[in-house]
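Trainee: Residue numbers (our numbering), protein chains in the order written: chain A, 515 to 1008; chain B, 451 to 696.
You may find that some hints are simply not true.
Which residues of chain A face chain B? A few of them, derived with a C-beta cut under 10 Å, are [claimed, not checked]:
no., residue
1, 528
2, 530
3, 946
4, 964
5, 965
6, 967
7, 968
No lab work stands behind these hints, which were simulated from the structure alone.
Where a beta carbon is used, it is the ideal one built from N, C-alpha and C, also for glycine.
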Amino acid sequence: MSARATERKGRGGAAFGAKRALARAIGAASRRSGRGGGTTLPGRVLLRMEPEAIAVLAARKLRGGATIVSATNGKTTTAGMIAAILAAEGRPPVHNRAGSNMTWGVATALLEQRGAEGLFEVDEAWLPRVAQQLEPRLIVLGNLFRDQLDRYGEMEALAEEWAKALAVAPAATGLVLNADDPLIADLGRDPDTERPREGVLYFGIEDHSQALPELQHAFDAKHCRRCGHPYAYEVAFVGHLGHYSCPNCGAERPRPEVVATRIELRGMEGSAATVRVPGGEIEVELPLPGLYNVYNALAAIAAALKLGVEAERAAAALGGMRAAFGRVETIPVGGASVSILLIKNPAGANEVLRTLKLEAERPPSQVRSQLPTTVVGNCERTGGGAGIDLWIALNDRIADGRDVSWVWDADFEVLTGAVRRVTCSGTRAPEMALRLKYAGWPVDRVAVEPDIAASLDAAVGASPGRLFALPTYTALLELRKLLADRGLAKEFWQ
Amino acid sequence: MELRVLSLYPEQMNIYADRGNILFLRRRCEWRQIGFEWRGAGPGESVDPAEHDLFYIGGGQDRDQRVVAADMVETKRLALAAAVEDGAALLAVCGGYQLLGESYQLGAETLPGLGLADLRTVREEGPRLIGNVAIETELGGEKRLLAGFENHGGRTYLGSGARPLGRVVPGHGHGNNGDDGFEGVWEKNVVGTYLHGPLLPKNAWLADHLIELALERRCGERPRLEPLPDELERAAHASARAAAGV
């Protein structure tokens, strides 16, 4: 234990114990009152009384150290994967699993959960502060995409903040970094010596059959972090994640040691991948759709290796897991089965649209075989036109980003001609519908109903079996609450 | 009839989904059987002032803005000035708007500008000006409302010879500098504004006005644009207005 940690551990004494007890009691009362918010309130209260509470609690509790996961897209899922892997090892971590990822969410998890190891997904903007408090043994960084510019600012500025945070982190801090994201990969370089940092494990994809046919519009990391010259891309897989080099200064994608060499995507059903790891090769069956989840799985496997878990055992745990809250889940509503896929920024939305495109192209028999029989019956009875059914809820609350410009950066054109009916909902529903009109979706297939409950009922009523629900973050919370109130799903903080 | 659009630095200046504006113009021309030609001009590429009637420049990160400012002054400034003098329309949004003036003081650095409008921009201490915004403008001859979203660290000050695009509806946005109540600039057929990214989809009337101006330059007279079934466009405008609290 470092001198700093020892000092933190000793801090507070009896006074700290009293503050902790009070914060816990407030959390319990809040949950009993049924108003929700139990995932953050105790932490908020404690941090107000004791700003260094995270450091103190971590030093006392987390003998096995802490792991931090951050990224624009996939941090909840990646952390969920690592949690599943650790749980299978008999090491269930203290984990902010409900996705409350600012300081108060971390503090609440530390207050209320048992465990000798910590696992925290952390909001991009809060990473420096939380890392400084936690002194984690491992930091896992997945990607940086343009997202909520009104809240985070420009990505390059965010990458700079992360670089500063890593520069002051203890030298022993392990890093798992995405080799395919140039903004992330470059964080593995020691800014003083210009040499690779110690303790970095890179992951990446090397299956060219998964390449995008062309670079997407929402293409973010254009300029070399070292010299400012535009990168040259040999191949891109998701947004700007791919194989790149700088023609000017020669900066290159690092050679990753955890590599997906063969990937098979199976629509909503999931995917399979062959993954090369140091000293061998493993087969991973992933019950989550899309190439973006392959990236999340690679990050989780690399993290597992860093945390002393064998790759085969990590892969087995991944095969048995289900999606993180609201990232991909299927819930029966009325006669339909509703699959929920979070959308919140162009890169993430593009991957969801790409997965749905695969789903729309699958022969109907293949789709039906996976649905419960009641739904199959419904499907045959209702029939009704080709294409998939969608419900898209665009909210503009603070946690979504107040600025909804991003819907014009996402490639909704991918699904033009593949949609039978779409219902647009949320606080900015008409603007969502307008985007779809200009993507070439026939307006007579686009309905607008801002109210979440009314629009969901309308969409379910008009859906012949399967409905894909694409909410932004706070719309997802509303949807989840609605389904919980109807007894169809658990509330996420339970 | 054909609308000829040139986007300036589409690879660099596109941060807030600026392509939504181009898509919006394209579809509204197609639906009216008006031809639509689009090109981009990147670093080092020259511009023929006679070839395009509507010029567009969007927003970008600081780094991109630096690259673009120097290149634009070197390779495109004279052609753009000639096109504007000849009646071409130019829409400059956010970072692009900041480059319309004489200069942009970005920290210790002074970025050169196009000099197409009497304004200067400085990056002052203080928070970024962020949020939904509504402005009143008389662009196009009648009193209209523009709704959108602004997010800028720079503060823009108009010179005595410059006409603002409009006034921020008091209490509903920041505008050029959060201080004098003005928003944007309007000079000949040049429109500069902090209402960023896809502002045309939120304000279909502005898109149609720009199409008219550009076609007028090409054909010598102002065309009459066929009205379109704009129910969703009107609903989106109302939604953006409501977000700004107006």
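Trainee: Please flag the earlier hints that this structure goes against, numbers listed from lowest up.
Mentor: 1, 2, 5, 6, 7
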